[in-house]
Amino acid sequence: KAGVTQTPRYLIKTRGQQVTLSCSPISGHRSVSWYQQTPGQGLQFLFEYFSETQRNKGNFPGRFSGRQFSNSRSEMNVSTLELGDSALYLCASSLVGDQFFGPGTRLTVL
Amino acid sequence: GENVEQHPSTLSVQEGDSAVIKCTYSDSASNYFPWYKQELGKRPQLIIDIRSNVGEKKDQRIAVTLNKTAKHFSLHITETQPEDSAVYFCAASVGSGNTGKLIFGQGTTLQVKP
Chain W
1 KAGVTQTPRY
11 LIKTRGQQVT
21 LSCSPISGHR
31 SVSWYQQTPG
41 QGLQFLFEYF
51 SETQRNKGNF
61 PGRFSGRQFS
71 NSRSEMNVST
81 LELGDSALYL
91 CASSLVGDQF
101 FGPGTRLTVL
Chain U
1 GENVEQHPST
11 LSVQEGDSAV
21 IKCTYSDSAS
31 NYFPWYKQEL
41 GKRPQLIIDI
51 RSNVGEKKDQ
61 RIAVTLNKTA
71 KHFSLHITET
81 QPEDSAVYFC
91 AASVGSGNTG
101 KLIFGQGTTL
111 QVKP
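Here the protein sequences line up with chains W and U, keeping their order.
Counting with my numbering, you get residues 1 to 110 for the letters of the first sequence.
Counting with my numbering, you get residues 1 to 114 for the letters of the second sequence.
Because the hints were derived from the structure by calculation, they are not lab data.
Treat each hint with caution, since some may be false.
[Said to hold, decoys possible] According to the in silico footprint, chain U covers these stretches of chain W (three or more CB under 8 angstroms from chain U):
1. 10-23
2. 47-55
3. 74-82
[As the list claims (entries may be wrong)] Pairs of lysine-lysine, DSS-like flavour, derived with a Cα cap of 25 angstroms:
4. U:37 - U:113
5. W:1 - U:37
6. U:113 - U:22
7. W:13 - U:42
8. W:1 - U:42
9. U:37 - U:57
10. U:58 - U:113
11. U:71 - U:57
12. U:57 - U:68
13. U:113 - U:68
14. U:58 - U:37
15. U:71 - W:57
We put the CB at the ideal spot given by N, CA and C, even for glycine.
With these hints in hand, go ahead and build the complete structure from the sequences.
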């Protein structure tokens, strides 16, 4: 089976812009979780989608949002980008609990 | 709130020695505890996990132990090899019933010296 894929792999944006990241889960996996990884804060949970519904949410501001489509692909959106949003954004898909990560999208905000 | 503490932050061992990484979690409802290995520039890779109805699980040179009473769980790597060098993360699920939300420890950088 193909693994979790994320696009794009790298992004450079400026403050105030918005960005959309995409995640395609492993075939058959219905849960997609998103995490932000930074050197200072480590891996922090953003949200989880299951069957097109947000099932869990982390402690991030409303500028961070997501959605899931009927084919389980998920997108996350960050509006009004801030310098502190620079990070590696990872998604993970799971079937019965084990979460498998994608390669991540490296977002740089200038 | 939900929290996972991981120690040590760095660990250096000689090839062939054992390495132990310890984590403590705060949510007594947590019932799923995975461990991830992340090499530089790569995605976190699931290496082993344990569920709350099991006290210990082993997979070749890697083992994980869980003490639910004390809310501790640990990763044990025996006969370490240079390719074990990486950052290791522990995590705990939040709440029971589903494991879609994981809280991660801060990571342990393991260096195995040849």
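- Query: Do the alpha carbons of residue 71 of chain U and residue 57 of chain W lie within 25 angstroms of each other, as the hint requires?
  - Reply: Holds, because 23 angstroms separates the two Cα atoms, which is no more than 25 angstroms.
- Query: the segment 47-55 of chain W covered by chain U? Criterion: 3 or more residues, Cβ-Cβ distance below 8 angstroms.
  - Reply: Per the Cβ count (3), the hint holds.
- Message: Using a Cβ cutoff of 8 angstroms, are there at least 3 residues of the segment 10-23 of chain W near chain U, or does the coverage claim fail?
- Response: violated (count 0)
- Query: CA of residue 1 of chain W to CA of residue 37 of chain U, is that 25 angstroms or under?
  - Reply: Given that 25 angstroms is the threshold and the Cα spacing comes to 21 angstroms, the pair holds.
- Task: Below or equal to 25 angstroms on CA atoms is what counts here, so check residue 58 of chain U against residue 113 of chain U.
- Result: 24 angstroms, holds
- Query: Does the structure keep residue 113 of chain U and residue 22 of chain U at a Cα separation of 25 angstroms or less?
  - Reply: Holds - the C-alpha atoms of residue 22 of chain U and residue 113 of chain U are around 21 angstroms apart, at most 25 angstroms.
- Message: Run the distance test for residue 37 of chain U versus residue 113 of chain U: straight-line Cα separation, threshold 25 angstroms.
- Response: 18 angstroms, holds
- Item | Restraint status (C-alpha distance of residue 113 of chain U to residue 68 of chain U at most 25 angstroms) | The hint is violated at about 33 angstroms.
- Task: Examine the segment 74-82 of chain W for residues whose CB is less than 8 angstroms from any CB of chain U, and state whether their number is three or more.
- Result: violated (count 0)
- With a cut-off of 25 angstroms on the C-alpha distance, tell me whether residue 71 of chain U and residue 57 of chain U pass. Holds: residue 71 of chain U and residue 57 of chain U sit about 16 angstroms apart, inside 25 angstroms.
- Query: For the pair supplied as a hint, residue 13 of chain W and residue 42 of chain U, is the alpha-carbon distance within the 25 angstroms limit?
  - Reply: 22 angstroms, holds
- Item | Pair hint residue 57 of chain U and residue 68 of chain U, alpha-carbon separation not exceeding 25 angstroms | 14 angstroms, holds
In the structure shown, a violation is registered for the earlier hints numbered 1, 3, 13, in ascending order.
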